[in-house]
Amino acid sequence: MALKICRLTWDELRRHGEETYPHECCGVLLGEVDGEGVKAVRAVVRCSNQRSDSLHNRYLIDPHELVRIQRDARERGQDILGFYHSHPDHPACWSQTDLAEAHWTGCSYVITSVMNGSATETNSFNLGGNPAEDENKYFENEEIRVE
Amino acid sequence: MKVLIPTPLRQYTGKQASVEVSAHTVGEMLSDLTSQFPDLRQQLFSDDGKLRRFVNVYVNDEDIRYLENGNTPLKESDTVSIVPSVAGGEDNGRSQ
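Quick note, the sequences are listed as chains L and B, same order. Going by this note's numbering, the first sequence opens with residue 1, and the numbers climb by one from there. Going by this note's numbering, the second sequence opens with residue 1, and the numbers climb by one from there.
Just chain B, same shape as in the assembly (with noise of 0.2 Å):
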């Protein structure tokens, strides 16, 4: 399946915007893309080994964490994409 790539992370997957997967799961799917590109993998993953807090997967319209999370199943037809969170706002602790 295809799996699109957000523009900050195609720094490390050699500037492709998406990239073919292998995989019957989440958890294969993202196990197969840092296997392609290692140095996704701390860009995805903070230490304990769980997702990133900003990083959203979906299974074409769908939050795999309302799904299955890594047991989420995947067929060839599926687009996945990896979002990473937007927010922000004004405060008082002003940097500039």
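The shape of chain L in the complex, shown without the other chains (with noise of 0.2 Å):
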């Protein structure tokens, strides 16, 4: 698997992080997947981060936004590929919170590091396994291809 994304929406989703800094920052990937299996994200879609504690550190993407993300992206042809955040001042990898709160397998997870402010790395990561059995779910890390 592989994630292919414009320049620009690469640099919004990017910026994101830089403006929510020193909190977290979330949204969704929007797009299709092509015929070579690679997700081509058309669009990102800011969401609020729902946390009323741990803003620095935690996210939560109200379901309710996300219902209407799905139902408006299904009416354009889109589907939802995968979701990104930022880590304020800390790597671009996953964590265990990370792995323990994925559930949409299939589905890229963006994490773009933000240090003082600014966006350093980002890496995707690609949720496989069983999303009803923890033991079973993994993050495989996912080719990013900025176009």
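FYI, nobody ran anything at the bench for these hints, they're computed from the structure. Since the structure is predicted, the reported quantities are computational estimates derived from the model, not experimental observations. Honestly, I wouldn't trust all of these hints.
Stretch-level coverage of chain L by chain B, calculated; a stretch enters the list once three of its residues show a Cβ under 8 Å from a Cβ in chain B [what the hints assert, rightly or not]:
{"id": "1", "region": "57-63"}
{"id": "2", "region": "74-86"}
{"id": "3", "region": "106-112"}
{"id": "4", "region": "115-122"}
Even for Gly, the Cβ is constructed at its ideal location relative to N, Cα and C.
Using the hints, put the two chains back together into the complex; each one sits in its own frame.
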């Protein structure tokens, strides 16, 4: 699996984490899977972080917001391909919390490290396994193609 | 009514993004859905028969937890959305 994203959308995704620093940002990746099995991201949708505590190291997307995004995307012939969030002053790698709270198998979880307010590294991880079996879930590194 | 299936659960619905279901309540809808696609049952319900904590079910724009859960009435014109939750964040127990 790989993730394909245009430069403008890529910049928008990373800028979101800078704007919410020192809090975590979060959002949704929309698009479609192309004929080669590559996730082609056409747009990102910013979401508000619904956590009322620990905004610096936790995020939660309001399910109602997800319902609206999923419904609107479907009407445009697009799908939810994954999600993004930031790690303020921490590396762009997944945490045990990220894995425990991940349930969208086959989708991408993109993480941007924001150091002192500036976006540095961004990585993508594809969630594999069975979402109903915690012990069988895993993240695998995913190539990001910025075009 | 139409039930919108989220990306990760489509592997259990023959890749269908939406499924037509005939039901008068949310409970009947879930029962019909899992009868049509038995592999969905493990994804939606835990061993005690309750909806998994990370599975959200909405009737149009309303969370069934704030309605009448499985007894929530449904109309033919309703759209039901199933969305697994999305959350996370960095912690000290990094795996990489």
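Checklist entry - Which earlier hints turn out false for this structure, listed by number in ascending order? => result Number 4 only.
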